[in-house]
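Since each chain sits alone in its own frame, please combine them into the complex, following the hints.
Protein chains in written order, with the working numbering: chain A, 1 to 115; chain B, 1 to 115.
There may be inaccurate statements among the hints.
Among the chain B residues that face chain A by a calculated CB cut under 10 Å, a handful are [said to hold, decoys possible]:
1. V4
2. G16
3. S20
4. Y36
5. E45
6. S49
7. N53
8. G59
9. F61
10. N92
11. K102
12. L103
13. T112
Residues on chain A that point at chain B, a partial pick, calculated with CB under 7 Å [unchecked claim]:
14. E103
15. F106
16. Q108
Here are the simulated DMTMM-like pairs of lysine to aspartate or glutamate, each with C-alpha atoms no more than 20 Å apart in a straight line [said to hold, decoys possible]:
17. K67(B) with E3(B)
18. K102(B) with E58(A)
19. K42(B) with E58(A)
Everything labelled a hint here was simulated from the structure, so no lab data went into it.
In this text, all values refer to a predicted model and were calculated from it rather than measured experimentally.
Where is the CB? At the ideal position from N, CA and C, for every residue including glycine.
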Amino acid sequence: SAVISQKPSRDICQRGTSLTIQCQVDSQVTMMFWYRQQPGQSLTLIATANQGSEATYESGFVIDKFPISRPNLTFSTLTVSNLSPEDSSIYLCSVEEGGWDTEAFFGQGTRLTVV
Amino acid sequence: QKEVEQNSGPLSVPEGAIASLNCTYSDRGSQSFFWYRQYSGKSPELIMSIYSNGDKEDGRFTAQLNKASQYVSLLIRDSQPSDSATYLCAVNEGAGGTSYGKLTFGQGTILTVHP
Chain A
1 SAVISQKPSR DICQRGTSLT IQCQVDSQVT MMFWYRQQPG QSLTLIATAN QGSEATYESG
61 FVIDKFPISR PNLTFSTLTV SNLSPEDSSI YLCSVEEGGW DTEAFFGQGT RLTVV
Chain B
1 QKEVEQNSGP LSVPEGAIAS LNCTYSDRGS QSFFWYRQYS GKSPELIMSI YSNGDKEDGR
61 FTAQLNKASQ YVSLLIRDSQ PSDSATYLCA VNEGAGGTSY GKLTFGQGTI LTVHP
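This is chain B alone, in the form it adopts within the complex (with noise of 0.2 Å):
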């Protein structure tokens, strides 16, 4: 059973402080990983992808992937009310042709920032 694990929540920052998001998945060989983003009623929104260890920024937005450590975390600087919102992490098996899109998704992290 492929599990993926986030850190319980929710979680309250001031706004303009990082917001740290972690996820440990169960599947080592596990080889995709994507951040999305879900406001209440609305469907989930892709905000980040990473595949290979170490960073990816975007934006206010860094992925941190460890594969050894079966680690992945979405840091949010200089956070905003809007970021406010249950933030997803979603692992895939997937590599090199196999379906991306099947993805297990963690139970999720509410993201409340304040002014």
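Isolated chain A (complex conformation) (with noise of 0.2 Å):
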């Protein structure tokens, strides 16, 4: 499978400021998506970044706290904006590969601490 970094591993940021994410992949990929995982919480797609054109963003998230890049077909950013202590959380890179049976593979994360 392909080989996902992501960095920070982890952060702990004042509230009001913002955190960029960065996701690398060692191969190109058409999508990447982007999940928050909530303390003691299962998983939540934020959004899914395709590249050359906008982020698509699931309910309840929006660009402006979240925007999203994607340059290349091997890279994309989360920033999350204007932080506060609820979004205290991990954020994950995710892609997906294969043919017909695709799967879904994640980077090992960033712990986000908001004080």
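Right, here's the structure in full:
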């Protein structure tokens, strides 16, 4: 499977600031996905990032709060803006691989704590 | 609202026993089903995917899918303490070229295998 690298692995940020998370894949992929995992919870899809077009956001997530860039087929960034303690979560980048029977794989995640 | 429900945990089994994890989903159009294992502080790791009704075996793991009952399960035979983790059921409606990486996750079942 593709090797997915996320940076930073963790960060502590002040409320009101922003954090940009980077996701690098070692092969070209069409779709990249960003998930959030709140403490003790499961994963929720934030948005789908497709190269060359605007990201598609899921219900409850907006571009102003979670701007996403996808400049090429191996890289994406997620910014979490105007941080509040409620944004403290793990943010995960994911890519899909395969043909008909495609599977999704995750980066190691970014643990964000907002103080 | 697509929903994925997993049997409530935590689940505790003795070493060597069979662990049975269950998942139901609400979207009858779902086509792809996945089980992820997540160790504490780590990102989800794909352990099984299943797309057709019936059983799929991979080593000690067997996934079972019944689309008529909208039910998918994971059996872990000869459970080991190293299997202790949270198991996440994930569902995607994708088929035939649609995005498989866009997943809806269950809330997870914590499995503990005790020696």
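Hints and how they fare:
1. V4: At about 9 Å, which falls below the 10 Å cut-off, the nearest Cβ of chain A leaves the hint on V4(B) intact, so it holds.
2. G16: With a minimum Cβ separation of about 29 Å from chain A (threshold 10 Å), the hint on G16(B) is violated.
3. S20: violated, 19 Å
4. Y36: It holds, given that the least Cβ distance between Y36(B) and chain A is near 8 Å, below 10 Å.
5. E45: holds, 8 Å
6. S49: Interface hint status for S49(B): holds (5 Å vs cutoff 10 Å).
7. N53: Hint on N53(B): violated, closest Cβ of chain A at ~15 Å, above 10 Å.
8. G59: Not OK, violated: G59(B) not within 10 Å of chain A, min 17 Å.
9. F61: Hint violated; F61(B) Cβ to chain A Cβ min 15 Å, cut 10 Å.
10. N92: Result: holds, 8 Å to nearest chain A Cβ.
11. K102: holds, 6 Å
12. L103: holds, 6 Å
13. T112: Where the cut-off is 10 Å and the nearest Cβ of chain A is about 16 Å from T112(B), the hint is violated.
14. E103: holds, 5 Å
15. F106: holds, 4 Å
16. Q108: Result: holds, 5 Å to nearest chain B Cβ.
17. K67(B) with E3(B): holds, 15 Å
18. K102(B) with E58(A): Status holds; Cα separation ~10 Å.
19. K42(B) with E58(A): The given pair, whose Cα atoms are some 24 Å apart, is violated under the 20 Å limit.
Checked against the numbered hints given earlier, the structure breaks hints 2, 3, 7, 8, 9, 13 and 19 and satisfies all the rest.
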